[in-house]
Amino acid sequence: MPHGWGRNKSMSILVFLIPLALLFGLAWLGGLLWALRNGQFDDPDGNAARILLDDEPTPTTNRKGVRQ
Amino acid sequence: MSTQHDPALTSAIHTRPDGTGEMTLLAEGLRCAGCIVTLEKALTATPGVQNARVNYSTQRVRLVWKGTPTVVQKAIQAAAAKGYTLTPYSPSAQDAQQDADEKFLLRCLAVAAFAVANVMLLAIPLWAGVVDESQRLLLQWLSALITLPCLAYAGQPYFNAAYVALRHGRVGMEVPISLAIILTCGISLFDVWVQRGDTYFESAAMLLFFLLIGRYLETRVRGRSRQAAARMMQMQNIQVALLGKTGKVTLIPAAEAKIGQLVLWRHGERLGVDGMLTDGDALVDTSLLTGESLPRTLANKATVQAGMVNMGEARTVRVTQVGQGTVLAELARLIDTATAAKNNYTRLADALARRYAPVVHGLAFITFVGNMVCGLGWHDSLLRAAAVLLVTCPCALALAVPTVHVAVMGKLLRMGIVLTSGDALERLGTISRVVMDKTGTLTTGKLSLVRGGTADQRHLAARLAVLSQHPLAQAIVRAVGGASPLPGAKEHVGKGVEGTLKGKTVRFGSASWCGVKNPPPAKAGEARVWLRVGNGKPVVFHLTDTLRPDAREALKALAAYRPMLLSGDSTAAVQAMAHQAGVTEAYGDVSPTAKQDMLAKLHNQGARVLMAGDGLNDAPSLALADIGLSFGQASDLAKLSADVILQQEELAHIPRLLRIARQARRAVMANFGLAFVYNLASVPLAMIGYITPMAAALLMSTSSLIVVANAARLGQK
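First to last, the sequence lines map onto chains A and B.
Residues in the first sequence are numbered consecutively from 2, following this note's numbering.
Residues in the second sequence are numbered consecutively from 637, following this note's numbering.
Do not take every clue at face value.
Claimed, not checked - Computed from the model, here is a short list of chain B residues facing chain A with C-beta under 7 Å:
| id | residue |
| --- | --- |
| 1 | A669 |
| 2 | T674 |
| 3 | N691 |
| 4 | Q695 |
| 5 | F740 |
| 6 | L742 |
| 7 | A746 |
| 8 | F750 |
| 9 | M756 |
These aren't lab readings, by the way, just hints derived from the structure by calculation.
As the structure is a computational prediction, the values presented were derived from the model and not from experiment.
The beta carbon of each residue, even a glycine, is placed where N, CA and C say it ideally should be.
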């Protein structure tokens, strides 16, 4: 084991890394919850099929009635 | 289709703030991914439609348009032209609840996943032992901080259910699960506080995560069943033409008609009330009620029922029963009762869970007390008890059934087989006998030309027949493959079609219409229609109901289930068809009540029956049988009462389905077996402390994975 292993000073990087990892995790969770609220999970089978379609018609208004 | 606003349609419309209309419609006929594009294109091409979005998972379409409801009707017609049937749909409160439940479970699953991922990451240095005392404490505190709030949120499905169960004095699977999680987290929190010992936050998190996956899958499987219920509503939103004293006709909802009133029953209209014919014989189509494909003549003063279609001239009907008093409503009630009884079927998993929970509690308690008695001290005894609870946690059990079902149902869906109730698959695996209806099930329900006339004569007949909606006429047109109408020809409703060719009068239709005075009696199950050119000899065409092309093979494959034919049609016709199909047990002239009696008899003999039918008269039997099977083209009520719907009308699917269901049942049993063996081996070890909560969680995850892999095998073949 490298010299100094196990002493606080060489592990001070954890103070930065752990919150960073948690932040990433929370960002992922937030993204998932947003996608859920936005209706991305309402039609898993249909979405799976749509990637394979070549000539999918583009809707003229989206869910909230906004013209696209 | 009338341009009158259909109440079923208007009630399903939701107007948005910007003035556009929005509606959800149930879609039938979506067989593959390509159908999404075809349907969406057909709908968006309709003028007025702004957006059409197909939800392939729930088989629904969301339509947004600007304009009157006529736009919707045109869109529905456009879809029908491509082969898709759309029905307006108002989602019930139950649907909304189902959606909310699924979304909530998914959120819990997401939060649990977040906790598991991060805490397991922190657990690696902890268990590898590469950190010193203060860092260990830091990592443990972090684990606690992440786990506790996350599990408090994500554990709600189990904690709430456990609380409700305990309040009612019951014990379900949720109680030991909640106990395991709370106990493990509790001990770990205590250990972190007093700064000694190992923590097991990641074990608790992993347990909850796997359990939630199982629960989510199960909820999705159960949710598929409710579509059919919506169509029931459409049946009841029918209108009748009330005949006032002055001869004025007003359209009112059928339910508002009063007994004794006079109703005008027009050509092509489906009657919305029970009544009595007052002004002459009527030609009626009773297929909705009896499944018979041929229209019948009912004499003056005879009873007519809601659901019948007038195939002849308009008639006046005196109302005798309305709304809930009609035969139609009575049938619906019979179905409701039978379906409710069916819902009491205890699923295998639930039956197991009821016995399992007390056993688990007992074991944990014994562990605690036993270890205390051996002088281990309360902390370690509690830890071992927690390990026992973790190890016996029914992850594998909870996953055993839903994973198999999800795998199999996906495969079945690709074959065009829809299971409408969550436990249909389980029941299908126990079927021992198959009973079938004749018309529309064993046969195609459509008449076809058997013999009669030369090719030219048939073609000429078709040129007249194409002007009529009568089933006999349509059969002739089908036999010839289509024909251009004879110019100047006209239909005389109830009699036939008349036209002129090269100066001679040509008539097509009933015997008397074509000048046949005393036609010889028809053979059983055969219908006839005549053609006469000028004063020449009338030509007769013979038509019968045709056996489905794969009927013989399907019945041969079902030989082990001793198939039986039960039909309301005449015994002679049924015997003839049974002989053609290769069925030995066949009964004719069976009324709907008699069908149910036969089912009861079979039940008493200990058989589990699969009943296949398509007519409305079959609906109560479909609901009563262990499994009711119907076809995509069947009457709405038959489909509603059915547990299985075959979208593609292939009889050969029935033996295939039964085979798959048996495989599924074997896989579920194997999964249960695996889960039990694992439990049997690990519980004693946990009791004497050889399995820490960490190891317990790992073992449980492994067994879950094995169970899932076993189920995934089924979805592949």
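Going down the list of hints, with the structure as the test:
The criterion of a C-beta within 7 Å of any C-beta in chain A is met by A669(B), whose closest approach is roughly 3 Å, and the hint holds. The beta carbon of T674(B) is not positioned within 7 Å of any beta carbon in chain A (closest approach about 10 Å), and the interface hint is therefore violated. At about 4 Å, the closest approach between the beta carbon of N691(B) and any beta carbon in chain A falls short of 7 Å, and the interface hint on this residue holds. Because the beta carbon of Q695(B) sits about 10 Å from the nearest beta carbon in chain A, more than 7 Å, this interface hint is broken.
This hint is violated: F740(B) has a C-beta 10 Å from the nearest C-beta of chain A, more than the 7 Å allowed. Residue-level restraint check for L742(B) holds (minimum Cβ-Cβ distance to chain A is 6 Å; threshold 7 Å). Because the closest C-beta pair between A746(B) and chain A is about 5 Å apart, less than 7 Å, the hint holds. With its C-beta approaching chain A no nearer than about 5 Å, F750(B) sits inside the 7 Å limit, and its interface hint holds.
Hint status for M756(B): violated, given a least beta-carbon distance of 12 Å to chain A, over 7 Å.
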